[in-house]
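Start counting at 1 in the sequence shown, then tack on 1, and there's your number in our numbering.
Hint data in this document are derived by calculation from the structure and do not stem from the laboratory. Hints should not be assumed to be uniformly reliable.
Stated by the list, open to error - Now the in silico label distances, taken between C-beta atoms and shown as ranges:
1) R181 x A149: 20 to 26 angstroms
2) T205 x R77: 19 to 25 angstroms
3) G12 x E243: 38 to 44 angstroms
4) T144 x L187: 25 to 31 angstroms
5) P121 x T144: 37 to 43 angstroms
6) T118 x A53: 40 to 46 angstroms
7) A149 x F218: 23 to 29 angstroms
8) L240 x E177: 34 to 40 angstroms
9) P70 x G227: 37 to 43 angstroms
10) T172 x T118: 34 to 40 angstroms
Think of the CB as a built atom: it goes at the ideal place given N, C-alpha and C, for glycine as much as any other residue.
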Amino acid sequence: MKHEWIPTETGWSVPCLHRIGGGEALVCVSAHGFGSSKSSPTNQLLLQGLPARGVGVLAFDFPLHGESPDGAPPLRLETCFDALAAAEARARSLAPRAQVVYFGSSFGAYVTLLYLTQRPHAGRRAFLRSAAVCMPELFHHKTPEEEARLQADGSVVLGEEYGYVRPLKLTCGFFEDLDRHDLFTLWRPEEAEVRMVHGELDETIPVEEARRFAVRFQIPLTVIPGEDHRLSIPGAPELVLERAAAFFLGRS
Numbered sequence: 002m003k004h005e006w007i008p009t010e011t012g013w014s015v016p017c018l019h020r021i022g023g024g025e026a027l028v029c030v031s032a033h034g035f036g037s038s039k040s041s042p043t044n045q046l047l048l049q050g051l052p053a054r055g056v057g058v059l060a061f062d063f064p065l066h067g068e069s070p071d072g073a074p075p076l077r078l079e080t081c082f083d084a085l086a087a088a089e090a091r092a093r094s095l096a097p098r099a100q101v102v103y104f105g106s107s108f109g110a111y112v113t114l115l116y117l118t119q120r121p122h123a124g125r126r127a128f129l130r131s132a133a134v135c136m137p138e139l140f141h142h143k144t145p146e147e148e149a150r151l152q153a154d155g156s157v158v159l160g161e162e163y164g165y166v167r168p169l170k171l172t173c174g175f176f177e178d179l180d181r182h183d184l185f186t187l188w189r190p191e192e193a194e195v196r197m198v199h200g201e202l203d204e205t206i207p208v209e210e211a212r213r214f215a216v217r218f219q220i221p222l223t224v225i226p227g228e229d230h231r232l233s234i235p236g237a238p239e240l241v242l243e244r245a246a247a248f249f250l251g252r253s
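Take these sequences, add in the hints, and give me the full structure.
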């Protein structure tokens, strides 16, 4: 496994981990969830499991996540798209003959679908785990203290109390980005073939929202009984890996 910093077209660098030998027919670019990182348990599973099936993997950190530096660039949807674009370009340079596929967890799934509608991209398949299809709504219920800090300082810092790997400075601009980017109105099915997997008891993104999105865009959805947002009960991570691999390899 290799660790790199990938330069973006806008002058900053994206930390990544990859297992790409160069001769693969497929390479997967994996986008992590909100407050997580490229080293998440899901990405570790992909970095181990997909190469064993002949699929290269590159996982990266969004701005302010993982090893990304504090403050520059800020966490905005455009900077997230920049990070994903740089990750995709690096994956393609490492395996020039490979087809690109995408894996997105939660916020990473939200960003991936928006990226596919708004940026040039090579891939035509995206696998979504616990997709944050209603991401803007998650921040419509700030505490009075958070709202006061946001109004006073123009930003609010959220961290361990939400289970995030490191504190995240969220600006008014970031919240405005979310409100302008509703997947239910912006997603274009012609951009990519999609598969979804979701927990029946997801406490962050209700399974009803995942079902509504899947029905609206005729996306095959696997619901895992008794599972929450993390999809971590025994057997669930392996099921996600198997479903993703089968989809990427054209077996489902």
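Outcome of the hint check:
1. For the pair R181 and A149, the supplied restraint of 20 to 26 angstroms holds, since their beta-carbon distance comes to about 24 angstroms.
2. The hinted range of 19 to 25 angstroms is satisfied by T205 and R77, whose Cβ atoms lie roughly 21 angstroms apart.
3. In this structure the hint that G12 and E243 lie 38 to 44 angstroms apart at CB holds, the actual value being about 40 angstroms.
4. The supplied range of 25 to 31 angstroms is met by T144 and L187, whose beta-carbon atoms lie about 29 angstroms from each other.
5. In this structure the hint that P121 and T144 lie 37 to 43 angstroms apart at CB holds, the actual value being about 39 angstroms.
6. Between T118 and A53 the beta carbons are some 32 angstroms apart, a value that contradicts the proposed interval 40 to 46 angstroms.
7. In this structure, A149 and F218 break the distance hint of 23 to 29 angstroms, their C-beta atoms being roughly 38 angstroms apart.
8. Checked against the given bound of 34 to 40 angstroms, the beta carbons of L240 and E177, roughly 37 angstroms apart, stay inside it.
9. Against the hinted window of 37 to 43 angstroms, the Cβ-Cβ separation of P70 and G227 comes to about 40 angstroms, which satisfies the hint.
10. The given range of 34 to 40 angstroms is broken by T172 and T118, whose C-beta atoms sit roughly 23 angstroms from each other.
This entry does not satisfy hints 6, 7 and 10, going by the numbered hints stated previously.
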